[in-house]
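Enquirer: Read off the chains here:
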Amino acid sequence: MGKLKVAFFDFTSCNGCLLSMINHPEFVEVVSHVELADFRLVRSLKVEGPFDVSFVEGYPGDSHEIERLKKIREQSNMLVALGACACTGSIQSIRNFFDLEEAANYVYKGVKKDIAEVKPLDAYVEVDFYLPGCPASGAEAVQTLKALLVGRKPEIPMHAVCVECKLRETECVLVQGIPCLGPVTRGGCGAPCPAAGYFCDGCRGPCSDPNVASEVEILRKLLGKEEIVRLFRRYASLKEAFKEVAEGKVE
Amino acid sequence: MSSHEVELITRVEGHAVYAVDLEKGEVKSVRFAPVEGARLFEAWLRQRHYDEVYFFASRICGFCPVSHNLASVKAVEAALQVQPSEQTVKLRKIMNFGEHLQSHCIHVFFLSLPDFVGAESAFALLPQYGEEVKAAVEFRDHANYLIEAVGGRPVHPMATAVGGFRRLPTPTQIAEMLSRARQMKKLLEKLVDFYSKAKVPEFSRETEYLGLQSQLEYALYDGCLASTKGFKAEVEAYKQHIEEEVREYSTAKYYTREGKPFMVGALARFNLNYDQLSDDAKETAETLGLKHPTYNSFHNTTAQLVEMVHDVDEVLKILEEFQDSGLKDERPPKVEVKPGKGTASVEAPRGTLIHSYEMDGNGLLREVDIVTPTAMSLNNVEADMRVLVKENLNLPREKLASLVEALIRAYDPCISCSVHFLRK
Ligand code: SF4
Ligand code: SF4
Ligand code: SF4
Chain A
118 MGKLKVAFFD FTSCNGCLLS MINHPEFVEV VSHVELADFR LVRSLKVEGP
168 FDVSFVEGYP GDSHEIERLK KIREQSNMLV ALGACACTGS IQSIRNFFDL
218 EEAANYVYKG VKKDIAEVKP LDAYVEVDFY LPGCPASGAE AVQTLKALLV
268 GRKPEIPMHA VCVECKLRET ECVLVQGIPC LGPVTRGGCG APCPAAGYFC
318 DGCRGPCSDP NVASEVEILR KLLGKEEIVR LFRRYASLKE AFKEVAEGKV
368 E
Chain B
642 MSSHEVELIT RVEGHAVYAV DLEKGEVKSV RFAPVEGARL FEAWLRQRHY
692 DEVYFFASRI CGFCPVSHNL ASVKAVEAAL QVQPSEQTVK LRKIMNFGEH
742 LQSHCIHVFF LSLPDFVGAE SAFALLPQYG EEVKAAVEFR DHANYLIEAV
792 GGRPVHPMAT AVGGFRRLPT PTQIAEMLSR ARQMKKLLEK LVDFYSKAKV
842 PEFSRETEYL GLQSQLEYAL YDGCLASTKG FKAEVEAYKQ HIEEEVREYS
892 TAKYYTREGK PFMVGALARF NLNYDQLSDD AKETAETLGL KHPTYNSFHN
942 TTAQLVEMVH DVDEVLKILE EFQDSGLKDE RPPKVEVKPG KGTASVEAPR
992 GTLIHSYEMD GNGLLREVDI VTPTAMSLNN VEADMRVLVK ENLNLPREKL
1042 ASLVEALIRA YDPCISCSVH FLRK
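Those protein sequences? They're chains A and B, same order as listed. Quick note: the first sequence uses the working numbering, first residue 118, plus one each step. Quick note: the second sequence uses the working numbering, first residue 642, plus one each step.
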């Protein structure tokens, strides 16, 4: 059997997910076992498709990128969405709550534009595996590559972030009266944000069966309605579970 | 190269194309244009709360999230008239240095050096220079640790707060940072040696070199705007001095000062503030044959390495002090929300970065303007390209293309940062 042919593509993004992956101490070792195809961020050499696996960071930001994404899909046996931009639109999706025309005018002062609404990859093509997070976890990306190398199906957790606070013994910030989306957010990140004195602001999108109603009830004691809406409009407002609150349906 | 030939450039952050238009052996036009989808950060940061925008701002760029995070939180502080403590400023400087160190390290050794030794990528360097590449990887890991220990994680830190930090590094982390900074100092010897193998192309075109300047130090975290042409202004007044311009062919925002291109970044800082570099940094410049001032834009990469030496020296100073006296248990101050305007700047790895906000009485942003270093240098990239192509017209097409690409890459352009770009 030949080597696994892997490509890394970046669309409109901040490149923070690819960087987090490259930063992982095992990354260089792991890629030495694959046939590294396209990786524009770090190399000049281009290897033509088809690819066994394509990792895609970012979301398609204009009509050209939408076409490019479709071509990559055609050439890839497996397509992995790398990071929140690719999985859910990430914080860029906040823009969807603005009138696009007005927003573009604010920045470009009337210049013509080709701007797509912010949508994740699966709004355009089929996605086989999701690596959530803003940034995506470098450890999960490396772990996914390793699983694929030995022909195993990659798997990452679906439980809530709270589970990981308990594991690392972080004092719960929600209990201290700081709003936190951890109870409804997908873990796997190791809950670094509450541990850094911040809170989970939901960058990995909803966990499995999130109890959003109960979360909103708890938050309602700490925040005004508009603040709750803003919180749900951060990374994953397009997700079914978060959509209603993000669109302002809060009592 | 001929008209309509557009190449997507590799080994840079984000997507950009360049084109050179030749007619009858003359350079007719050149352009360098990022083509990533427009992200419109300035538009959607409006109506968001001051206590979240500096986390969103970091998402402008995964290569310099700390710079955006800091410029943003400083702009918020300016609007709210909050004065961060001395300790806070020192901790922020560690993050800022950490980012410069990791970003420069990646750019010098993984993105640019391959050009100067004729390799396709850092992967291609491995067989011959395994040891050296390993040293660069180690160096980068240490730099990332500096950001992580203070900011919470290397990409998109979350421990910063208005006026302070949400969580302070522990004594163990301070000791670990210090030990790693000392290792970085050692690794630099090897890295400088490695870099001296690079053949940096000959080129010269003098321009205006602009950056932050301070009487106290080689300015990175704070200062006023200054240039090698004697220009000086408060950061708040940037709009009166730096003109924004929309070009027909790229709908990008390009910047000029008094109608002319200027350069920001490591080389600009080197030319502007050379005297304030650490002694070892100056010595490194001499070892690498980097004269002050230098008008060869390819040497931006060399200047980055010189800055790496300086930055490690500065980090060591702060950490040694923290190691001796320990950190005070400071919490972010209580903030009184009021309407106001705030403009602030830091030196990002690629140059001066400005965030400017107007805030309402509810703490929501109303007006946002962000000027990124890559955007400020764009005009200068094109001006350089024009001269470089003209001087090398005799080269075969492919060689000329690689040379132009190497020039662009030497600028270390950060396309995600140039939020203003649109495809034609
Ligand atoms: S998900 Fe976050 S870190 Fe990743 S590319 Fe998007 S903005 Fe950057
Ligand atoms: S801090 Fe947040 S994520 Fe952690 S346990 Fe509490 S609610 Fe859950
Ligand atoms: S704790 Fe929450 S915000 Fe932080 S990385 Fe995990 S999912 Fe993202």
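Hints are not guaranteed to be accurate.
[Unchecked claim] What follows is a list of derived Cβ distance ranges for each label pair:
1) B:ALA816 - A:GLU286: 47 to 53 Å
2) B:LYS975 - A:GLU361: 41 to 47 Å
3) B:ASP662 - A:ARG185: 22 to 28 Å
4) B:LEU968 - A:GLY294: 51 to 57 Å
[Stated by the list, open to error] Which residues of chain A face chain B? A few of them, derived with a C-beta cut under 7 Å, are:
5) CYS131
6) PHE144
7) VAL147
8) GLU182
9) PHE215
10) ALA220
11) TYR223
12) VAL228
13) TYR241
14) HIS276
15) GLY307
16) PRO309
Since the hints were made in silico from the structure, they are not lab data. Don't be surprised by glycine CBs; every beta carbon is placed ideally from N, CA and C.
Enquirer: Compare the structure with each hint and give your call.
Expert: Against the structure, the hints come out as follows:
1. Checked against the given bound of 47 to 53 Å, the beta carbons of ALA816 (chain B) and GLU286 (chain A), roughly 22 Å apart, lie outside it.
2. In this structure the supplied range 41 to 47 Å is violated for LYS975 (chain B) paired with GLU361 (chain A), their Cβ-Cβ distance being about 34 Å.
3. Checked against the hint of 22 to 28 Å, the C-beta distance between ASP662 (chain B) and ARG185 (chain A) comes to roughly 25 Å, which is consistent with it.
4. Range check, LEU968 (chain B) to GLY294 (chain A): about 25 Å between beta-carbon atoms, so the 51 to 57 Å window is missed.
5. At a threshold of 7 Å, the smallest CB-CB gap from CYS131 (chain A) to chain B is about 4 Å, leaving the interface hint in force.
6. Because the closest C-beta pair between PHE144 (chain A) and chain B is about 10 Å apart, greater than 7 Å, the hint is violated.
7. This hint is violated: VAL147 (chain A) has a C-beta 13 Å from the nearest C-beta of chain B, more than the 7 Å allowed.
8. Contact between GLU182 (chain A) and chain B, as hinted, is supported at the beta carbon level, the nearest pair being about 6 Å apart and thus within 7 Å.
9. Hint on PHE215 (chain A) holds. Least Cβ distance to chain B is approximately 6 Å, under the 7 Å limit.
10. Interface hint at ALA220 (chain A): satisfied, since its Cβ lies 4 Å from the closest Cβ of chain B, which is below the 7 Å cut-off.
11. A hinted interface residue such as TYR223 (chain A) counts as satisfied when its beta carbon comes closer than 7 Å to some beta carbon of chain B; here the least separation is about 4 Å, so the hint holds.
12. This hint holds: VAL228 (chain A) has a C-beta 5 Å from the nearest C-beta of chain B, less than the 7 Å allowed.
13. A hinted interface residue such as TYR241 (chain A) counts as satisfied when its beta carbon comes closer than 7 Å to some beta carbon of chain B; here the least separation is about 13 Å, so the hint is violated.
14. Among the interface hints, the one on HIS276 (chain A) is violated; its C-beta lies about 21 Å from the nearest C-beta in chain B, farther than the 7 Å criterion.
15. With a cut of 7 Å, the hint placing GLY307 (chain A) at the interface with chain B is violated, because the nearest CB-to-CB distance is about 10 Å.
16. Interface restraint check: PRO309 (chain A) against chain B, minimum CB-CB distance 6 Å, threshold 7 Å, status holds.
Taken one by one, the earlier hints fail for this structure at numbers 1, 2, 4, 6, 7, 13, 14 and 15, listed in ascending order.
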